[in-house]
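Chemist: Residue numbers (this note's numbering), protein chains in the order written: chain H, -12 to 312; chain X, -12 to 312; chain D, -12 to 312; chain R, -12 to 312.
Each hint should be verified, as a subset may be incorrect.
[What the hints assert, rightly or not] According to the in silico footprint, chain R covers these stretches of chain X (three or more CB under 8 Å from chain R):
| # | stretch |
| --- | --- |
| 1 | 19 to 26 |
| 2 | 116 to 128 |
| 3 | 301 to 310 |
[What the hints assert, rightly or not] Estimated spans, in silico, between C-beta atoms of each pair:
| # | chain 1 | residue 1 | chain 2 | residue 2 | range |
| --- | --- | --- | --- | --- | --- |
| 4 | H | Leu10 | X | Gly14 | 54 to 60 Å |
| 5 | D | Asn45 | X | Ala86 | 29 to 35 Å |
| 6 | D | Ala291 | H | Leu10 | 33 to 39 Å |
For the record, the hints were derived by calculation from the structure and aren't laboratory data.
Glycine included, C-beta positions come from ideal geometry on N, C-alpha and C.
There are 4 protein chains.
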Amino acid sequence: MIAGHKFGACLPTFGNCADRYCLGGYGGGGATIEEMLDLAATVDGLDGLELVGNWHVNDDNIYDVAKMFRERDLEICMLTPDLWTQAKWGRGSLAAPDAETRAAAVREIKKVIDWAAELDCRYVDVWPGQDGYDYCFQGNFACAWDWMVDGLAECAEHNRKVRPLVEYKPKEPRTHCYVGHVGELLLMLKDLDGIGGLLDWGHALEAGENIAESSALLSRFGKLDYLHLNDNWRQWDDDMMVGSVHLVEYLEWFYWLRKLDYRGWLTLDIFPYREDGVRAAVESRNWIEALFNAVNRVGMDAFARAIEAADACEGSRLVREAMGL
Amino acid sequence: MIAGHKFGACLPTFGNCADRYCLGGYGGGGATIEEMLDLAATVDGLDGLELVGNWHVNDDNIYDVAKMFRERDLEICMLTPDLWTQAKWGRGSLAAPDAETRAAAVREIKKVIDWAAELDCRYVDVWPGQDGYDYCFQGNFACAWDWMVDGLAECAEHNRKVRPLVEYKPKEPRTHCYVGHVGELLLMLKDLDGIGGLLDWGHALEAGENIAESSALLSRFGKLDYLHLNDNWRQWDDDMMVGSVHLVEYLEWFYWLRKLDYRGWLTLDIFPYREDGVRAAVESRNWIEALFNAVNRVGMDAFARAIEAADACEGSRLVREAMGL
Amino acid sequence: MIAGHKFGACLPTFGNCADRYCLGGYGGGGATIEEMLDLAATVDGLDGLELVGNWHVNDDNIYDVAKMFRERDLEICMLTPDLWTQAKWGRGSLAAPDAETRAAAVREIKKVIDWAAELDCRYVDVWPGQDGYDYCFQGNFACAWDWMVDGLAECAEHNRKVRPLVEYKPKEPRTHCYVGHVGELLLMLKDLDGIGGLLDWGHALEAGENIAESSALLSRFGKLDYLHLNDNWRQWDDDMMVGSVHLVEYLEWFYWLRKLDYRGWLTLDIFPYREDGVRAAVESRNWIEALFNAVNRVGMDAFARAIEAADACEGSRLVREAMGL
Amino acid sequence: MIAGHKFGACLPTFGNCADRYCLGGYGGGGATIEEMLDLAATVDGLDGLELVGNWHVNDDNIYDVAKMFRERDLEICMLTPDLWTQAKWGRGSLAAPDAETRAAAVREIKKVIDWAAELDCRYVDVWPGQDGYDYCFQGNFACAWDWMVDGLAECAEHNRKVRPLVEYKPKEPRTHCYVGHVGELLLMLKDLDGIGGLLDWGHALEAGENIAESSALLSRFGKLDYLHLNDNWRQWDDDMMVGSVHLVEYLEWFYWLRKLDYRGWLTLDIFPYREDGVRAAVESRNWIEALFNAVNRVGMDAFARAIEAADACEGSRLVREAMGL
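With the rest of the complex left out, here is chain H (with noise of 0.2 Å):
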C-alpha cells in the first residue's frame, strides 16, 4: 500500500526493456517470469503486477503463472490482451481494415476476460495501440469509430465481474492512433457502461493534456478507474520513473486525486532501459509517497482556496510550501 492505494507495477519494470537500436535489450531485469516476480517480490509496498498476453502470459502457462503470484502473496492487477505485440496486429484490431482480424480482437478480448474473472483479477486493459494510421488517405475515418464502439460494446457484456477498460494514446506504434485523446475516450466509453477508462500519465502528457484535468474529466463521467504511473518529456511515452520531471504537475495531480476521492491501483508504466528495475520503482515510489505527504502538508483546503480564486501566486507560493522550500 502506499498513501492509502493499492501499488502495482508492470512486468517489463523488472525485465530486461529493448527498443527498435538494441533489440535484445539492455540487459539486467529478469530472464524469466519467475525472476522477474522474484524481483518483484523485494520492493516493499508492492502489491501487484499486471501481465500482457503473448508477451508474459499465454493459453498454456496463464495458471502457472497465477500459482507463481500467490506463491509470492502478489496480486495480478491486470490482464491485458495480446492486441499489439504480434505482426498479426500490426494493422489494427479492434479497427482493423478486415473484419476477420477485428472479429480475432473481439475475442481475444473476451478470452482474456474469462481468465481474468477466474483468476480473481477485475479489470482487463484494452489497449487498441494498433488501430490507428501512419500515414494520410489511410485512416478509415468512416469506419473505424464504429467498429470501435462495436467491438467494445460486445466485449462490455461479456462477464460482469470484470471491467474491460480502454487506455488512450495519441501515438506508438502508430503515428496516430484512433483513441488519442480524453475526449475522444470519453466520447467513445460515455454511453458504454460496462467500460471503464485507463489514465496513463505518460500518454496524457504526449496528448498534450494536463493529467489533473483529464482525472476530473474522467472522474465526472464515471470512468476513472485505474491509473499507470510514470514519466516523460512531453513528446513521447519515455517510461521514466515518476517524479523525474513534472513535480508540480504530480503535486497538483495527487491534489486532484484526493479531491476526486479516487481509490483505485497506483500501477507503475516505467521501461528502466538503462536502471536497475528495483531501484526504479522504489525511487517512483518514494516519490508518490513524498508528493501525497506534500499535499498533506499544505491541506486540501488551502489549495481548494487558491483555485476557487484563480490565484496564481497563492498557488505558487503553495507549491513551494509543500515542497517543504
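Given the structure of chain H, go ahead and fit chains X, D and R onto it with the hints provided.
Modeler: This is chains X, D and R only, laid out in the frame that chain H set:
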C-alpha cells in the same frame, strides 16, 4: 463561391495585424472597417466576412456596418461575441471564476445572437479563448466544465434562427484552454442539440489532431457546421496562408469534406502580419481551388479504395497523381 | 541580491501586458515608466531593471529615465536596442532583405551602446527577433548568416566598455528565427570575441534544449554572460513566473551555474498578463532563493558523484532530498 | 541514379522492421542479408546500400557481404560502426561515463574505417545515438563535449581514404542526445577538418529545424557531405516514406541542394514497418524525382527572385506552379 462553397474571410485578413511585440501593427491593410471592406471587395469569389464584437462592431455601429456590407454585396457570415478582447474577460468568460462575469458572458452572447438574427447572419462563434488557466493549481476542474455546459445551454435556447457554434483551441491566449480538443468539444456538445461546432484548421493542428479525422468525428455527431482555414507549423496558431505548409493534409481534408458532404462556408482565418492582405487572400483562395481540383483529378473512388485497403503506398501514389507530379 | 547574484527584472514585469487579442493589455501594472519603477522598488532584493528602446526609452527621454533609476537606487542592468517593436523592423533588422534596413539596425545598436556607456550599463541585448522567415522560400539562407555576422562584427568594435550580447530564440515574432539554438549562437559568435551570449530560459526550453547543458556549452566557449529567468510549457515563450513548471530542471540548472562559476545577473523576463506584477516578481525571487538553498542542502559533491556515475536513481533520490521531501 | 545523384538506401528498408512492442518485427522483407539485397536489386535506379555493424555485418562476414554487393552491382555507400545495437553501448559510446567504453568506441570506429578503406566505401557514419542522458542530473556537461571532440579527432587522423561523418539527432534512443542540432554539430566539427556531417531529414525535423536552412549552414562550413531522406510528423523519427508529409519543405530543400551544388548521395533511411519495402522505396524514389522535376518546372531563377524579395505570396504561387496545380 469556391469549389461549390461560399467563401469567407475574417476581417483581420484586410487589417493591420499586431502581435505582443509590435503592438501598433506591422502596417498595411485598412485602418477603418470601410477600408477593410473595400479591400475585401477586390478579392474575386469572396462572399462574406466575419465580424468580431468590440474589435469591429459594437452596440452603436452594428447597423451602420451591416449597411456597408450590403452596399458591397457581401454577407456577414459570422458574428463573434467579444469574450476575449478586453481585460474584463482576462480571467474567463463562460467559465470565469466569478459568477457575475459568467452571467455577463451569457448576456453578451445572447445580445450578439439577437444582432445576428436581425442581420440574417446564421452563425455566432462562441470562442471561449480566455476560459482556461495558465498555471497548475489555477484551473477549477470541479466546476469549469459544468459552468460552460450551463452557459451554453442557456444560449442554445435563445433564438432558433441563429446557431451558436463553439470553436475549440488548445492554447492562446491562456496556456491551457478548457475546450481544447475535438473530443472535448463533442463530449460537451453531444447533448446540446441547439449548438454546433466550429473547426479551425490551425487550432486542430496545434492540438495534435489530423483535421480529416476531426472533421469526420464532428460530422458523425452532427456538429461539422463551419470551418476556418489557415495553416501553421503545428506548435502555435500562426494563422498563415492556406497551402503554405500542409498540402497532403489539405488534400486529404478536401477529400473527406466531399465524402462527408460538407456544404458550409470555407472561411479564411489568417493574420497576414507582413503580407499584403489581398494577395494573401487570393493566394489562399487559389490553393483551395487547386487542391479541390487535385482531389477531382484522382477521383473519390480511387482514394476510397486506397483507404479501404489502408494501403499507404497506393495512397502516396495517388497524392502524387493528384498533385500532377 | 539573491543567492549571491545581482537580481534584475525586465520592465514589463511591472507594466500592463498585452497580447495579440487583448491589445489594450490585461490591466494592472504601471502606466508610466515612473509608476513601473515605483512598483519595482517595492520588491526586496531587486537591484536593477532592463529598458527596451522605443517601448520604454528613446532619444529624448533616456537621461530622464536614468535619473529616475538613480533616485530609486536601481541599476539599468541592460539596454535593449529596438529591433522589433516597430513595423520598420517587421521583415528583419541585422538580416533584413534590404541593405538600408540592415545598416539602420547597426546604427541603432551602436547608438544604444553609446547610451549604455554613458549610463554605466554594461550590457546591450541584441535580440534579432524579426530576423528570420515565416514561410518556405522566404528565408535567404545564402546570405542571412553572413549579414548577421558582419553586422555583429561591426558592433563588437564599437565601444569596449559595453559588451553586446546576442539572445537566441527559435520562433516568435517570426515562425522561424535565424539564431534559434544555442549551437547556432555559439557557431556565430565563436570567433567574435567582443560579443557575448544571453540565455533566456524560456527560449532554450522552446528550442527543445536542456538549459543546464546549454549553459555549460556557453560557458565552455566564454559566452555565458547573462541570464533571463522565467518558465513556460515548452511550446511557446509563455514568460511565466519562475518555479511554475520546471522545478527539477531549475534545480539542475542552479547546480550547474555554481559549478560553472557563473557570477552575473539573474534577471526576470516574465509577462504577468493576469497577475499582479509585484507579487509575481516576489514569487519568482522566492523560488530562486529556495532552489539555490535546495542545491546547498544536498551539496555540490553529492550531485557531482551522481553525475559522474550517470546514476539516474541516485540523481532522483538527491532531487527529493534537495526538495525536503 | 536519380536526378543526377547516386541513390542509396539503408538496409532495414528491405528487412523486417521491429519496434519496442512488436520485437519480432511486423513481417515482410528479407530474413537474411542476401534476401534483403535481392529485394534491393529490384528497385530501379538504386546504386548502393548502407550496412550497420553488428546488425548486418561483423568481423567474420564483412568480406562475404561485400561479395554479395559486387555480384548485384551495388555499392556499399556507407559503413556504420555499431555504437548503439548492443547493451554494452547503452550508457554511451564516445561520451560514455567510463573511459574504457570510450576507448572501445574509438577502436570500433577505426576498425570500420579500415573495412571501409578496403571495400572502397568512402564514408563511415558515426552516429553517437547512445551518447546523451535520459534524466536530469545524469548528463556530464563538464566532460561530455570534450570526450566527443577528442574521440572524433582521433578517428579523423586514422585513414584519409575514408571520411568519417557525424550524424546528429536530438533524441532516441536517449531522451537527450549530446549532438542534437545542426548548430551543435558544426560547433563540434568546425575545427576538425577530417570529419564531415550527415544530415538526416527526420532528425532535423524532430530537432525543430528547417532542413533547407540546416543544409545551407552545413554547406557554408564545408560539412554537407551526405544525406538521409525520409519523413515524419515532427515529434519523432518515424522514418516514413519520402513525400508522405512535407512536400513544400522537400521542394524548398531540393531547390537549395541545387543552389548549394550538392553532388553527394541521396540515401533512404526509412523503416517501412507495415509496408512492402520495395514498394516503399519505389514510392520514395518517385517522389524524389517528381520534386526535383517540380523545381525545374519553375526554374532556379524564379525561386531566387522570390527569396531575395522575401515575398511569401510569390513563393506560395511558385510552389503551386511547381506542383502543377
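Chemist: According to a criterion of three or more residues whose C-beta lies within less than 8 Å of a C-beta of chain R, is the stretch 301 to 310 of chain X covered?
Modeler: holds (count 5)
Chemist: Can the suggested window of 54 to 60 Å be confirmed for the beta-carbon pair Leu10 of chain H and Gly14 of chain X?
Modeler: 57 Å, holds
Chemist: Quick check: does the Cβ-Cβ distance between Ala291 of chain D and Leu10 of chain H fall within 33 to 39 Å?
Modeler: 35 Å, holds
Chemist: Are at least 3 residues of the stretch 116 to 128 of chain X within less than 8 Å of chain R when you compare beta carbons?
Modeler: Since three or more residues must qualify, the claim that chain R covers the stretch 116 to 128 of chain X is violated, with 0 doing so at under 8 Å.
Chemist: Given a hint of 29 to 35 Å, does the C-beta separation of Asn45 of chain D and Ala86 of chain X actually sit inside it?
Modeler: 45 Å, violated
Chemist: Using C-beta distances, would you say chain R covers the stretch 19 to 26 of chain X, given that this needs three or more residues below 8 Å?
Modeler: Since 0 is below three, the answer is violated.
Checked against the numbered hints given earlier, this structure breaks hints 1, 2, 5; the rest are met.
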